[in-house]
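Quick one: dock chain against chain with the hints and give me the complex.
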Amino acid sequence: MSLWVDQYRPRTLDDLHYHPELSARLRSLAASGDFPHMLFYGPSGAGKKTRIACTLRELFGPGVEKLKIDQRVFMTPSKRKLDVNIVQSNFHIEITPSDVGIYDRVVIQEILKEIAQTQQVDLSAKQRFKVVIINEADSLSRDAQAALRRTMEKYMSNMRVILCANSTSKLIAPIKSRCLLIRVAAPSPEEMGVALARVAKKEKFDLPDEAATQIVSDAAGNLRKAILILEALKMQSPDLTSNISVAKPDWETYCIKVADLILQEQSAQRVMLVRGKLYELLSHCIPPTTILKTIASHLVDRVDESLKADIMHWAAFYEVRMCTGSKKIFHLEAWVVKVMSLYKHFFYGIDMPDDFEI
Amino acid sequence: MFLKPQPAKAAAAPKHTIDPQTQPWVEKYRPKTIDDISAQEHTVEVLRKTLVSANLPHMLFYGPPGTGKTSTILALSRQLFGPEHFRTRVLELNASDERGISIVREKIKTFARQTPRATSGSEYPCPPYKIIILDEADSMTQDAQAALRRIMETYARITRFCLVCNYVTRIIEPLASRCSKFRFQPLDIASTRFRLEHIASSENVPISPEAIAALIATSEGDLRRSITYLQSAARLSASATSPAPITPREIQEIAGVVPDVVVSSFAATLGVDMDHGMDMDLDDGPASKGSKGFDHVRGKVQEVMKDGYSAAQLLSQLHDLIMLHPTLTSRQKSRCALILAEVDKSLSDGGDEELQLLELGLRIHKALK
Ligand SMILES: Nc1ncnc2c1ncn2[C@@H]1O[C@H](COP(=O)(O)OP(=O)(O)O)[C@@H](O)[C@H]1O
Ligand SMILES: [Mg+2]
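Order-wise, the sequence lines are chains A and B. For the record, in the first sequence the residue sitting at position 26 is 26 according to full-length UniProt numbering, with numbers rising by one throughout. For the record, in the second sequence the residue sitting at position 336 is 336 according to full-length UniProt numbering, with numbers rising by one throughout.
Bound conformation, chain B alone (with noise of 0.2 Å):
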């Protein structure tokens, strides 16, 4: 069981206890040890140094989502002090805690002073101070990582901080460069196949290799993604009525992945040829691309949008299909990666979908004319 009651009102936390069938499989198969992380073999070999001398620098863990970050820090803690002393001498707070100035002020200050109390027989290294994990830290306002300077410097000798994130840019620069800095890897294929396998063949979940080929190419290095959609397939496909194998496609419709024939007939629409040798029955042959263009566009967007399609997910589908295409030019290909990358940005300012599909749809078709 993995719990981490913050420490400052241990007494009062309450005792969860989870059921394991019910238990997300990220949380039950997130590594006990540093040695069960994978794939980010640098970080692990240096951390396994500090277990020994029991000395630990201040630390900034950066890089993508669901790359072992968060693991790493908290097994590492509870290798460090062992569960008894995990509560005393661990404090972590993430993005869904109170961080505000004032709380940093407050909360992290006084349990960076607190002088740990000495620890005697424990099995644990439990090294004489206290570590204090800011998950998800680049969350965390300008203020108030500008308060917690001091504090790192003033306590460091009692107290070890861990900044955790995604981007390293949003630390400011006096945290950041009081940290030993450590980048954590997008999983690559091979070490996400092989976790996904045994926790599959640990739950008894007949998987295919495409549909683990599927769960690979929807989760893009995120292992908490890929095991996070196993574990919402394997559940879908255990309460069918009658127990269906997993299917590539289902776990693409798990992920939020437009369906194949949705694009394609999509990038017809706008001119881009998809007949090339594939056998596909799209509705729009090219009889229907007349001097109608503008309708005929309006209409695809119209029916993608009804059918609740994310714009962004079409957007990034529709990227690689013209990317890859095998007989757009090179020019054509540019002048579309100039409009999607000004509709992407779009989307992102908050622009409607609709109006932005419509706008992404209308410069191809004129692009590729």
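In isolation and in its complexed conformation, chain A is listed as follows (with noise of 0.2 Å):
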């Protein structure tokens, strides 16, 4: 049985209910036989797969929904070998970059020149080009950007690439600039719930309103989530009307603790007992930056306006840190022991010369 996000994923441009301009746009470029690179950017949850999904079936039809996965064996330039599974149709064919860690340029490489030096052999392709989707675009290394460059204007009769990112920010400006650039912002309120609604009632509940409204805040723009929430919420209270609460993932609930225990005592012994559930969550896979923002904003929940900003000046400072350094949890200890001087400074009084003033 799958969940209830992946079940009632619209699978056609029709079935999207929400930035129908988006929808429009999306159909008419499918149909128009001009078909770009593209490079869909916006936050998690905000239904960008879904989306890139449904473009695809409109362009090559329900064929492209027949998925294989095939395991592929890449040669790094220093002649190792590098088993990837790669997941394909007849039409197209994904790549995540972080399945393949540093060596990513290779793999994109190979996989671009292939497809575009074969040409569709299917006679009954609605289209000549095949397309690759890279997730995670914003995880590409500079190199692999700057490989796909020229591949993407030279190859562009049997090819068309379909970037999936959070952000622009980190793609390269000649990656931008050969791409149409589609933003798929995050649902509003109203669209989310309209869409668990569509859930409930595809599974034959009623969704009290009280109930929605909750789910709604707590997912803050994130569809997948809030769906994953109603259905383990459906789970724990089949009416889903006695005063629920939204149960938060475990590792979240450690991340607040860790903040209590920041705020509840500032003593070197704390230090330690807050490093090793730092190293717990790390060895959880939970991303640092991850656990660093959500230990911070349950701390700024918690303290007095005047600390506020200073919390979150260093957690942006040693989060930058984590990403030029090495050891993750040098930087996440370093912001706790920081926080914990600027609380202890706040409660007695003494002022301290303010690090960021210019």
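Since the hints were derived computationally from the structure, they do not count as laboratory data. The beta-carbon is built from N, C-alpha and C at its ideal position, and this holds for glycine as well. Take the hints with a grain of salt, since some may be wrong.
[Stated by the list, open to error] Quick list of in silico lysine to aspartate or glutamate cross-link-like pairs, EDC-like style, CA-CA up to 16 Å:
| id | chain 1 | residue 1 | chain 2 | residue 2 |
| --- | --- | --- | --- | --- |
| 1 | A | 170 | B | 344 |
| 2 | B | 28 | A | 218 |
| 3 | A | 79 | A | 110 |
| 4 | A | 113 | B | 97 |
| 5 | A | 202 | A | 34 |
| 6 | A | 176 | B | 220 |
| 7 | A | 49 | A | 94 |
| 8 | A | 176 | B | 41 |
| 9 | A | 154 | B | 253 |
| 10 | A | 154 | B | 349 |
| 11 | B | 306 | A | 70 |
| 12 | B | 306 | A | 218 |
| 13 | B | 366 | A | 110 |
| 14 | A | 170 | B | 97 |
| 15 | B | 306 | A | 190 |
| 16 | B | 28 | A | 34 |
| 17 | B | 107 | B | 97 |
| 18 | A | 328 | B | 349 |
[Stated by the list, open to error] Counterexamples of contact, computed for chain A against chain B with all Cβ distances above 12 Å:
| id | residue |
| --- | --- |
| 19 | 203 |
| 20 | 305 |
| 21 | 324 |
Have a look at this one:
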């Protein structure tokens, strides 16, 4: 049995109910015979992937949903073998750079060239080109992006690239200028409400307004999350009326605990304790940036107005350090120490030099 | 049609047949001869002489994207060798080709050492050397570049190199010093407008001067970008159910530009005075700027992130807004400039967009208080 998010995922552009002007745009582009390379961008859970899948279907028909997974071997420049699973249909192929780590350039180059140099063999195919979807395009290395540039120009006759990213900030300009940019904003609370109601209708139950409002506010624009919560809640309390409380994921509860620990006591021992908890979170593969942001956001909800900006400032500061440095834990910990000292100073009324006054 | 199969496997190279209808306009309107290159008069003039003398130094083309570097060397090569000999005389490698040190040693060297076969009866100059074009050369490793040095020297008589790059500083000095350098300028407004109008009229796309101005403004001297945007806009307006004229706003959306109202409203939240004579209905009146500064800024940042706008793009537009602001003092502006620069750096170091935007917002808010 699949999850509701998957089961009730819209399959065609007509099924998509929010951002209608965007769907209309995609429909006419698919019909125009003049389909460009595209870059879909927007926050997580806004429906980028769904929209891409619907666009593919519009381009190629239902055949595009017949997926197969191929195990492929690539050779790195240092002659190491690299096994990669690749999802594809007769009409498209999907790549997720994080699956191939630092060798993304090699894999992308190989796959694109291969596709570019083979013509569509299926004579009944509606389009002469194949589509290459690159997920999480913002995590493509610079090298891989550079490799894409000219390929995108050169092999336009047999291939179109669709990039999917949270933001355009990490993509190099030459890539952006070769794509039609499609911004997919998060659905509004009302639109999320409609989406939830649809799922409820298909599952044949009534979704009380109160529950819907609660879920929508918890999901903060992430529709995938909203539907996941709905399904979980429905399991917990089938009538969805009795005092619903949206259970937070374990890691989030854990982060809240860490925030509490920081505010309860500011001492060397406490730093060690928090450090242990941070390790625990990291070892469960929670991304360090998520950890930092979650703790920070709970901290600022609990402290005096005058401390909030400072806590966030140092969060931003150490988050960049995590990106450029090598040990995530060092910087998480440094931030915790910083926050503790800010907090302590605040309570003992000692004036601290304002470190980020300019 | 403009295709450059690699000479090494010329026979096997698939024959693409591109329907001119679906061909990207950047390819379709790629200059065919060096005389079609706009705005690079000096370079073209020097190269025109080489067509006559049929002698060519090693060359290094550098300059920002979309200024005609690749087009120029390709046009020149074709004018030298003609379509018939292009395949055997020109090797074009770019960043999408594997160009590690082993390839330099094997593929490039193999091509470089071949003595070109004499040609006769060609209407083209067909000088007795080959050309190796290393496009996007700044993405080659230092090692690979170093390995090129010897090859360049050893086979100089029968092989000329043309290195093409954006940043001349990324080319190692020993290579750069062996080349004549040609700098490509960002296209000036008049040349860009001229090319765009030419393409629009060839494609029968009705476009207003305002829309052309928006294309020029969003593409910052990069002709490839403005041509791509023009084609996208034309596509969208042609495929709309009721054909609509291309609006400047549409071009901004295609280019990923944040709408002015969003930027203004963000700026207003940070305490930038946006009321100066403008009749705009912003949801952030001065009344809502109270002691709740933090939550206010944070709410705005979350809103912008939900709408999917790029932090880097917003930052750059905010920069323009602040620097050109009529009433902010220069002291305030320089404080903001410092903050903007720091956040820009953090973003390019890979910092989280939401955290950085919040950092930007909170600090500017404070600096303007
Ligand atoms: N100086 C120029 N004159 C005419 N067209 C140009 C010029 N510069 C760029 N273009 C147009 O932009 C496209 C990209 O140019 P290209 O030569 O590939 O840029 P670069 O290699 O400098 O990034 C070309 O197809 C052409 O249509
Ligand atoms: Mg180029």
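Here's how the hints hold up against the structure:
1. A:170 <-> B:344: Measuring from Cα to Cα gives roughly 12 Å; hence the hint holds.
2. B:28 <-> A:218: violated (50 Å)
3. A:79 <-> A:110: Satisfied, since the Cα-Cα distance of roughly 14 Å is no more than 16 Å.
4. A:113 <-> B:97: Measuring from Cα to Cα gives roughly 9 Å; hence the hint holds.
5. A:202 <-> A:34: violated (37 Å)
6. A:176 <-> B:220: Holds, because 13 Å separates the two Cα atoms, which is no more than 16 Å.
7. A:49 <-> A:94: Holds: residue 49 of chain A and residue 94 of chain A sit about 11 Å apart, inside 16 Å.
8. A:176 <-> B:41: violated (28 Å)
9. A:154 <-> B:253: violated (26 Å)
10. A:154 <-> B:349: violated (31 Å)
11. B:306 <-> A:70: Roughly 35 Å between the alpha carbons, so the hint for residue 306 of chain B and residue 70 of chain A is violated.
12. B:306 <-> A:218: Roughly 14 Å separates the two Cα atoms, so the pair holds.
13. B:366 <-> A:110: Not satisfied, since the Cα-Cα distance of roughly 50 Å exceeds 16 Å.
14. A:170 <-> B:97: violated (22 Å)
15. B:306 <-> A:190: Holds. Residue 306 of chain B to residue 190 of chain A sits at ~14 Å (cutoff 16 Å).
16. B:28 <-> A:34: holds (14 Å)
17. B:107 <-> B:97: holds (11 Å)
18. A:328 <-> B:349: holds (15 Å)
19. 203: Correct as stated: the minimum Cβ-Cβ distance to chain B is 27 Å, above 12 Å.
20. 305: violated (6 Å)
21. 324: violated (5 Å)
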